[in-house]
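Student: Chains as they are written, first to last, in full-length UniProt numbering: chain A, 1 to 271; chain B, 1 to 307.
Please note: incorrect hints may appear among the correct ones.
DEER-style ranges, computed between Cβ atoms [what the hints assert, rightly or not]:
1) A:80 <-> B:148: 37 to 43 Å
2) B:291 <-> A:89: 44 to 50 Å
3) B:56 <-> A:129: 54 to 60 Å
If you want a taste of the chain B side facing chain A, the calculated C-beta under 10 Å gives, among others [unchecked claim]:
4) 46
5) 211
6) 213
7) 218
8) 302
Quick partial rundown of chain B residues pointing at chain A, CB under 8 Å, derived from the structure [what the hints assert, rightly or not]:
9) 200
10) 201
11) 205
12) 207
13) 208
14) 212
15) 214
16) 221
17) 222
18) 223
19) 303
20) 306
Worth flagging that the hints you see were computed from the coordinates, not collected in a lab. Glycine included, C-beta positions come from ideal geometry on N, C-alpha and C.
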Amino acid sequence: MSSRPDPATAPATADEDVAAVHLHEVEHVYGGAGGPVAALGPISLTVPPGTFLVLVGASGCGKSTLLRLVAGFERPTSGTVRTGGAEPVPGRGAGIVFQQPRLFPWKTVGGNVELALRYAGVPRVERARRVPELLERVGLHDVADRRVWQISGGQQQRVAIARALAGDDPLLLLDEPFAALDALTRERLQEDLRRVSAQTGRTSVFVTHSVEEAVFLGSRVVVLTRRPGRIALDLDVGLPRTGVGPDELRALPEYAALRAEVGHAVRAAAA
Amino acid sequence: MTSSPSRSVSADPPSLADGSLTPDEVPEPAGAPHAEGARTVSAPGPRGRRARRIGVRVLSLLALLALWQLAAAAAGNPSFVPAPRAVWDQLVLLSTTHEGVRGYGGHLLVEHLGISLRRILIGSALGVAAGLVLGVVLGAVPWIRLVAEPVVTFVRALPPLAYFSLLIIWFGIDETPKLWLLAIAALPPVAVATAAAVHGAPTGLVEAARALGASRWDVIKDVVLPAALPEIFTGVRLAVGVAYSSVVAAETVNGVPGIGGMVRDAQRYLQTDVVVLGLLAIGLSGLLIDGLLRAAETRLIPWRGRV
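So that you can see chain A by itself, here it is in the shape it has in the complex:
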């Protein structure tokens, strides 16, 4: 595992050049049969390294669009998007987890992770060593030789996370990764993601429509208005990132207060 600075001690402020993600006056308009649709912005946002940013908003508020812009899958209609100081290109500098696992069914579970390592330029010998290591990190054991459809949906999404971590990219983008899972599995994956994120300390942008999920996972929560999405609330979450169990965390009075504040903002923004 790479040794990264503890997010708690990472610099809290950073200028635009070293920002993990920087958006300046970004607007995005989709052209469609029914005429152009303004999906996003204008929106400006600077994310310092080590931040776990959660974007919350009702469906159709442009939060997934924002993530696709940061991933480099799309170019903004106007404004600039920078990740690590450069224009984002898919496959360079960011691991992505989608709402569906999107695993390759012609590969075994281990084969999927191995492929990600290969694309990341990891030599063959090292790949064999790192596949089980990555799977363990997301809480999977003895599944490397299974077929993708032989494991549960929750396990598949864990593999997708392991795959996104394989490249050791400084940035991790997650687009409602737990939305399609049942409540119990979702909670367990949230807890594990929080742990993995604290361990690796890498910058993450997580999109969700769940207030609970946002407050639980985020070190910073941004609430978006409805379309075209703009920032309605930008909040630093002061909750401890390590050393506190999930149940203890949820029981903190600050946690309840934050949840109420974000929930209120989401409802107001969607109205």
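Following the hints, complete the assembly by docking chain B onto the known chain A.
Tutor: What follows is chain B alone, placed relative to chain A:
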């Protein structure tokens, strides 16, 4: 495009029992393939059904034979409708050397069939290879699809006998025009199926690969082609079928030895029993080969229906 006819051929959906078994529910013996485990769990049902299915098939076959016998008796002319017995006698005759005559035209029935199968194999292998390459290009490059797709459809609409004359003018009457004919007949089904599958590559998986840093070639090799493989395989089965039905056309000129040439010669001499025997040999070997291809398919593409 033409994915609907190819779909109708893939008769076997992945078995339900197989798909619904999660690994947690069925402890598999180490090394046993998954389907095997599923079968032992639910043994009595499918086995009974299988026995009944075989029984029905045997019965219908017997009924068919009886009908044939009746028809032969009603016709009263073995040159018009030969009796099953006469065809059987020809089978024995053509598989042995009788009074110094070896099989039919100096070749045993299996030799005729073997030579035709060899032609089908080589011809359709060439056609499949070319169709695969053409299909990938057609599916991946829009302007080439625009230009070349009507040409492929045009060739597909031509009956093989129609362009065989041209091939004879170009390549003579030996093996070359026959192989060309089979290759040309086998190419379009594979090209069309491949093009459709490549064109309809699952965007989610392509995007996931790009997000992992896959190059353009990586995406084609690791995502587009494996995702297209089930449809390509259906195309291959269609192609082999077309090559099969074209082999008689390919052997109309200088076709002996060859099962098509044999049938044609027998027709000239009104040896109807030999004609029927030849048809049976072609049909049965075709069934066998399609069965082999289907078995290979479930082996090679376990992810069929799961993309």
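Student: State for each hint whether it applies.
Tutor: Results of checking the hints against the structure:
The supplied range of 37 to 43 Å is met by residue 80 of chain A and residue 148 of chain B, whose beta-carbon atoms lie about 42 Å from each other. Between residue 291 of chain B and residue 89 of chain A the C-beta distance comes to about 49 Å, which sits within the given range of 44 to 50 Å. A hinted range of 54 to 60 Å for the beta carbons of residue 56 of chain B and residue 129 of chain A is consistent with their spacing of about 56 Å. This hint is violated: residue 46 of chain B has a C-beta 21 Å from the nearest C-beta of chain A, more than the 10 Å allowed.
Taking 10 Å as the C-beta cut-off, the interface hint given for residue 211 of chain B holds, the closest approach to chain A being about 4 Å. For residue 213 of chain B, the shortest C-beta to C-beta distance to chain A is roughly 3 Å, which falls under 10 Å, so the interface hint holds. With a least beta-carbon distance of about 7 Å to chain A, the hint placing residue 218 of chain B at the interface is held under the 10 Å criterion. At a threshold of 10 Å, the smallest CB-CB gap from residue 302 of chain B to chain A is about 7 Å, leaving the interface hint in force.
The beta carbon of residue 200 of chain B comes no nearer than 16 Å to any beta carbon in chain A, farther than 8 Å, and the hint placing it at the interface is violated. Hint status for residue 201 of chain B: violated, given a least beta-carbon distance of 12 Å to chain A, over 8 Å. Given hint, residue 205 of chain B at the interface with chain A, holds; its Cβ is 6 Å from that chain's nearest Cβ, closer than 8 Å. Because the closest C-beta pair between residue 207 of chain B and chain A is about 7 Å apart, less than 8 Å, the hint holds.
Because the smallest distance between the Cβ of residue 208 of chain B and any Cβ of chain A comes to about 4 Å, under 8 Å, the interface hint for this residue holds. Because the smallest distance between the Cβ of residue 212 of chain B and any Cβ of chain A comes to about 5 Å, under 8 Å, the interface hint for this residue holds. For residue 214 of chain B, the interface hint holds, since its Cβ comes within 8 Å of a Cβ in chain A; the closest pair sits about 5 Å apart. A least Cβ separation of about 11 Å between residue 221 of chain B and chain A goes past the 8 Å threshold, and the interface hint is therefore violated.
The closest approach between the C-beta of residue 222 of chain B and any C-beta of chain A is roughly 7 Å, which is under the 8 Å cut-off, so the hint is satisfied. Nearest Cβ of chain A to the Cβ of residue 223 of chain B: about 7 Å, under the 8 Å cut. The hint holds. A hinted interface residue such as residue 303 of chain B counts as satisfied when its beta carbon comes closer than 8 Å to some beta carbon of chain A; here the least separation is about 4 Å, so the hint holds. Because the closest C-beta pair between residue 306 of chain B and chain A is about 5 Å apart, less than 8 Å, the hint holds.
In this structure, the hints that do not hold are numbers 4, 9, 10, 16, in rising order.
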